[in-house]
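*Asks:* Going down the list, the sequences are from chains E and G. For the first sequence, position 737 (counting from the first letter as 1) is numbered 737 according to the working numbering, and the numbering increases by one without interruption. For the second sequence, position 327 (counting from the first letter as 1) is numbered 1080 according to the working numbering, and the numbering increases by one without interruption.
If you're looking for bench data, these hints aren't it; they were derived computationally from the structure. One or more of the hints may lead you astray.
For lysine-lysine, the following DSS-like pairs were computed, each having C-alpha atoms within a straight-line distance of at most 27 angstroms [claimed, not checked]: (1) E/LYS385 x G/LYS814; (2) E/LYS161 x E/LYS61; (3) E/LYS192 x E/LYS242; (4) E/LYS242 x E/LYS135; (5) E/LYS293 x E/LYS701; (6) G/LYS1138 x E/LYS61.
There are 2 protein chains.
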Amino acid sequence: MSDEWAIVERAFHAETARAYEGLFTLGSGYLHVRGSLEEHLADAPQNLEYTRLPADVTSEKFPETKAKWGTYVPGVFGRHPLLNAEMINLPWFLGLVPIVNGERLEVEKCRIEEYRRELRLDHATVKRRLRWRTKSGAAVLVEFERFVSGAHPHLCAQRMKLSADRAAEVRIEAAIDADVRTNGYDHCRRVKLRRMGTNGIACFVVIDGGDAIEMQTRVGAPGCEWRYVETPRAATLTADVKLTGGNDFIVEKRTVVATSRDLMVRSATDWMRQVEALSFEQLYAEHLEVWHKRWESCDVEVEGDQRSQLALRASLYHLLRAHVTNDDRVAIDAKGYAGEAYWGRYFWDSEMFLLPFYLYTDPPRARTLADFRVNTLGGARENAKRYGYDGARYAWESDAEGNECCPNWQYADHEVHVTADVAYGLAHYARGSLNDDYLSGSAAETLVETARYWMQRLDRRPGEDHPSLLGVMGPDEYTPISNNNAYTNRLVKFALQLAATVGEVGGASPEECQAFERAAEGLPIPRHEDGVLVWQCEGFDTLAEPRFEQLWHNRGRRFAEQVPRERLYRSKCLKQADVLMLMMLFPGEFSDAEVRRAWNYYEPLTTHDSSLSAGVHAIVACRLGLVEKAWEFLERSVGVDLDVEAGGASEGVHIANAGTIWQMAVFGFAGMRTAMQSDVLTFEPRLPAAWSRLAFPIAWKKGRVSVGITREQITVTNRGDATLRICVGGETHAIKAGQRQVWTLLGSDSQTP
Amino acid sequence: MSDEWAIVERAFHAETARAYEGLFTLGSGYLHVRGSLEEHLADAPQNLEYTRLPADVTSEKFPETKAKWGTYVPGVFGRHPLLNAEMINLPWFLGLVPIVNGERLEVEKCRIEEYRRELRLDHATVKRRLRWRTKSGAAVLVEFERFVSGAHPHLCAQRMKLSADRAAEVRIEAAIDADVRTNGYDHCRRVKLRRMGTNGIACFVVIDGGDAIEMQTRVGAPGCEWRYVETPRAATLTADVKLTGGNDFIVEKRTVVATSRDLMVRSATDWMRQVEALSFEQLYAEHLEVWHKRWESCDVEVEGDQRSQLALRASLYHLLRAHVTNDDRVAIDAKGYAGEAYWGRYFWDSEMFLLPFYLYTDPPRARTLADFRVNTLGGARENAKRYGYDGARYAWESDAEGNECCPNWQYADHEVHVTADVAYGLAHYARGSLNDDYLSGSAAETLVETARYWMQRLDRRPGEDHPSLLGVMGPDEYTPISNNNAYTNRLVKFALQLAATVGEVGGASPEECQAFERAAEGLPIPRHEDGVLVWQCEGFDTLAEPRFEQLWHNRGRRFAEQVPRERLYRSKCLKQADVLMLMMLFPGEFSDAEVRRAWNYYEPLTTHDSSLSAGVHAIVACRLGLVEKAWEFLERSVGVDLDVEAGGASEGVHIANAGTIWQMAVFGFAGMRTAMQSDVLTFEPRLPAAWSRLAFPIAWKKGRVSVGITREQITVTNRGDATLRICVGGETHAIKAGQRQVWTLLGSDSQTP
C-alpha cells in the first residue's frame, strides 16, 4: 500500500486528536461525519454550552476539548441566538465500544501496544488497528473500519473486529448520542429515542430551524443478545459475548440518516431496508466502485515528492467528499462539512476557489454550485433591500436561503466583491462547460439584479467623470474600508458588462443595459503615477508601513495574532492576495512588467494570514517564472490541513485551500488557462524541481483530456469525441478525437519572462 | 411657584412613562434612583432577561416596557457576559402602594380624576398629587413626595399622604424588590431579605462584580401594625388602616443604602441610626439647605424664554445630582446615573462636556474628575499593553478601573483621541483652578505615560518629514478609520507638549521630553489646497457625497436610522462636530475666515445625530455672529431630555448634553473664553433674540464672579478677594475685590465678524 493514498496516524496523542477528527472526516455529500474515535475519550464532554461571539474566526480561540464530534447534513440550519443561522451538528452515531474483562477501551488510559489509524483516500475509508494489553493480561487486537457509502449516501457502515490471545469476557456497546451542541449551543427542540426491534435504535430530532432528522442504527454480531438502555438524550445497545482465544469476533453497525430536507422523500426505514440484504463486503464493493470513478475524473499524479502528492490527493478527497451531489439548494461551506467554525456558511470561496476544480473535472458538479446562487436570488434581493438598495446583493456569509449571516459588520457591510464574484462564477461555469445558454437562461435575472444593485451602490464624486465604488473591503481583509479597490472594481466591471449582454432576457430595458455598460467602462483601476503599479485601492500608499521586522516576532504564527487589529487596519500589510488575485483572474490585461511590479510591491507586504493567499501567489509566481517561489507557496498550502501538530483541520477542512492546491498544480505548474482566460485549452508548464512528472485529466468544454507533463515534454490525449484545439508553447495545434500528442518543452530558464 | 423651577407631568401616559422615569431621577451623588411610580405599573415586569449585543447605542432599539426601574450607586460594577463591565441596577426600594377598599392604585386602570407630578429642580424633590375615584365611590387624594437627601447621601426619604371624602379601608404596602436585572442580565449572586424589627426590611445583595450592598427600609405610620411577607427576591411590609373621611393619613418610608465600596466604613444600620431622630421635615430642611448652596454656585438665570430657562435648570440639576462628591474613584457616566444604556461607563464626555461646568462653578468637583483619570492610570497602562504599546491608553468606555469596556471595535480601537482629551482635561482643571502644581505633581506621570503611548502610536511614512497619526476615528464617528484627523492631531500635539514640560517630574528623561516636543511640532493639520479649509482628515474629499436630499426622508429622525452603516462610513456625512470642535477648543489658532470656511463646508454635511454636536455648533456659531443659528442649536439641545414624547431621558439623562447646554449659555451666548483659551476672564456676549437677560456666577482662578448680561450692558461683580482682570469688548480692565462694573455693549450687528 503506497503512502501516497493514505494519511496515517501512527500513535494517539490528545493534542492532535481534533486535527485528525477533521482530517479524517468521511462523507457522501449528503452525510458527513468527523473522524472521532468510536469509543470516544474520557473528559471530553460534547454537551458543553458556551457562547461564541462575533469575532474574526481566523484568530479565534476555540474551547480546548480533546474531541469534537461532528455529524452534518448540508442544508440543515438552525438559528444561533447571537450569530444568525448556522449548520447544525446532529446526533453522534459512531459510538461502538469494546469492554474486555470489565476494562473499557480508552486509548489514553489503557495500555496500547500498537496503534495505527489511516484514512484511505482512494477508498474513502477510515481504518484503525490497535493492540491492547488489558489489565487482565489479555492481548486484544481491535480493528475498526468505517465508510460513509458513496453508493448509498444516507448510510454509514462500521465494523469492529476483536481477537484476543486468550479467552475473555467482552461487552459491546453501540450508541446514538443526541446530547450534542453546535458551537456550544443547543439547537434540539425535541429528541426522541426508541428501541427498534432487537438490535436497533431509532433517534428522532427536531431542530430549532424546523428540520426533522431521523437516524436509525442497527448492530449485528453473531450470537449477541442486545439490551437497550436509554438516558434522556442517548440510547445504547449492549451485549455480552465470550471471546475465545485466537478467534475473531466481528460486530457491524449500520446507521442511516434521513431528514426533512431530503430530495427523495424516503424515511430512514426505507434507506435501511434498501441495504439490509447487502453484506458489509457488498456495500464496501459498491462504495469503492463509486469512489474509483470519482478518482478517475480528477486524480492528479505527481512523481518525485510524496508529501505534495499526498496533499493533492487529500485535497481532492475532501473536494470529492464535500460536494453535495445533485443538490443545488446548498453549496460547500468554508470548512467542507468537517467542522462548524464558519457556521456551515457559503463564501466567495465557492466561485473562486472551489468551482474551477469541479468545472474542469466534473462539470455537472460545478453546475450545482452555480445553480445555488441562482436559487438564492431571493435571499440576495432581501439583503439588498435591507441595505436600502434595489437588485440583489449576495451575502458575504450565506446560509441556504442566501441570507447574509455574517455577524461582523466590517465584512458583511464592505466585502461586497462577493456579489461580483458570483457573476464571475456563473460565467465561468457557462464558458467552461460550453453552456452559454445558461447565462441567457436561468442566470440572466440574477445577473441583471446584481447589476441593479451595483448601479445604486456606485457613487459619483464631484469633479470626476466616472463612477467610483467607495467604502469597500477587497479580498485583503486588512484594509477594511477603501475606495476604488482595483480587484472589486474590475470584477464589478465584468459583472456589469455581462449583465448588459444578457440584460434584456433578464428583464432589463435597453436603456438599463446601456447604463450598465457605461458604468462598467468608467470604473477606474487606480495606478501609481509610474503607470505600472496597480494600487490595491486609492490612497494605499498613505497607509502605515507594516514594520514586520519589529512586530512579527514569531513568523510561524499569523501576524494578526501578534499585533492588534487597529495596526492591521492602518498598515499596508495584506492578509492575502488582492491586486495579484486580480492579475491571476485577468492575466491577459496586465503585462508581465505590471505583474512583476505588483509582485515586487505587494508580496513583501503580504502576511498570507489567510489560507487563500498561497494559491494565488503560486499561480502568479509561475507566470513570472518564479517556480521556486511558487513551490514555497505550495509547501505552505499542503500543510494547512495536514500539519496536525499546528492544528490542521481541527475546526474543519480548509476546503478552499484544497481547491487552491489543485489550482496550483493545474493553473500554476501546468500553466493551464481557464475558459475565462482563453478559448483554446492552453498549457505553459513549469514543473517545480521536486516533481519529475505531473499528470491529470481535464474536462474542457464538453470534452475530456488527459495531460502528462515531465521536465522534457507534455503529452495530451484527447479523450473526447471531437477535435481539440490546444495551445502549447504559444502555438495552437489540433488533436483529433482519441489521439495523443507529445511536445518537447524548452528548459525552464528560457521560460522565465 | 414659577414654572422655571419645575418639570411637570400633567397626566400619566404609558408612552412617556420611561422618559419621565429618566428625567425625574433623584440622586445624592452617592445614590441615584429613577423616577418610577411608587405603586409601579401592571404588565411591566422588571426581571425580564434579554441579551444586548455589541451595537451602536445611538440607534439601538430597547425592549419596549412601560417602566424601567433604576437604582444606582456609582462604582458598583459587574461583568456582563458579552459586553464587559457594567454598572449594576440595584434592588428597587421605592415601592409604596395604597389599596383602598380592596382596589389597588394603578394609574392606568383606576379612575384618576386629577394627576400632577413634578420634579422641583431647586428642591431636588419629586412630588405627585392625584385624585382617585375608587370603584367603591370614595374620592381619595394621594400625595407622594420623595428626595434623596443632599445632607445624608445614603438616604432616600419618601412620604405618602392619603385623604378621602369618606371612611375607607386602606391597606398600605411598602417593599424592597431585588428581582431586578441590568440590561436584561442578572448580576445578583446572592440575595438575602429579612424583617428588621416591627417595621423594617433589610436586603443584602452580593453582585457578581464582588461588591456587597445592604439596604434598609423603615416605614412609619400612626397606629399601623406591619406584616412581613417574603418571596424569593422581594419583601413587603403590609398594614391595614381605617381612613376616616376628611382626615389625612401619612406614611413615611426611609431607605438607606450602604455598599462595600463606601468611602466611610459604615453599615446601613449606622446610616439609619444617623437619621432616626430626625423628622421628615427636619430631613427635608437639611436637604434644601444643601441644594440651595449648590444652586447658588451655578444657577443660570434667563429672562425672556421659559423653555430655555427650564432646560438650563434641568441640565444644572442633573449635573449637580450626578456628580459623585469627593469620590475620585468614579467619574460621571454617559447617562448621568439615570439609566444603563451606556453601561454606566465613562467617556471623553467627562473632559470635554462635563468638566468645564464643574470647573467654573465648583472647582473641587472638577478635581475629582481629573483625579479619576490619574487614579485609573493603571487601567490605561493595561489597555496600552493589550494593544501592544508602552505607556497609557485611556479607554473609550472606561469602567471604574480604567479598563477598556467598549464592545465595538471601531470605537475601542480607533477613537484614540480620548487619551489626548484626558491630558487636555487635566490641564484645563489645573489652569482653571490656578493649580499649576497639579500638572507637575500627581498628574505628571499620567501625562508622561500617555505621551509614551503616542510616541509608539505615531507612524512615519516614507518620503515624509513628519510623524502621522494613522487609522483613527475623530469625534465624527461616521468616518471610522482615517489618517491625520485634524482634531486628534491637534489634541495629541497638545498632550505631547504638555508632557514635555512636566516630563522630568513624571519620570521622562530629557531626551524623551525632546522627542515629545519634536513629534508634537511635526504633527500635521491637513488642509485644502486653498490653505483655508481645514480637512477633517486626509482624503476627506474622496468620500462619497451624503445625498441627504434623496436619502434622509424623515429629518425628525436620525440619518443613521435611515441608511445602512456602510453608507455612513463611506460618505462625507458627519455625526457631529469634528473640525469645528477643534476650532471651538483652540479659537485663537484659527482666523475668522478659516472658521467661517469650515462652518460653511462642514455644517451642511453634519447630521447632528449625536447629542454632543449641537453645543459645539452653537458656540462656534456665536463666534461667527450667527446668533440665530446658535439659537437653533440650543433649541435642539433643550429638547434632548425634555421632549418626553420623543423618548427624552428614557434610557438615562444625556448628561454631556446637559453640560453643553451650560456651555452654550456661558461659552456661546456670553462669549466667555475658558482658562485654556485666555489668561484673562473674557466675555463677548451675543444674546439671542429670545433672551432679554442672562446671569450666572463663575469660579475663575480661585476667585468668584457674578455676571449679568442684557442686550445693552454687561455687569460683572468680583466676589473674590483679589483684583480681577477682565476683558470685555476687546479691552482689558481691572475690578477690585467686592466691586461691580458695568459696560455698555455694542449692538449685535456690529459684532458680526
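*Asks:* Does each hint hold? Answer for all of them.
*Replies:* Consistency of the hints with the structure:
no. : hint                : result
1   : E/LYS385 x G/LYS814 : holds (20 angstroms)
2   : E/LYS161 x E/LYS61  : violated (38 angstroms)
3   : E/LYS192 x E/LYS242 : violated (33 angstroms)
4   : E/LYS242 x E/LYS135 : holds (17 angstroms)
5   : E/LYS293 x E/LYS701 : holds (20 angstroms)
6   : G/LYS1138 x E/LYS61 : holds (20 angstroms)
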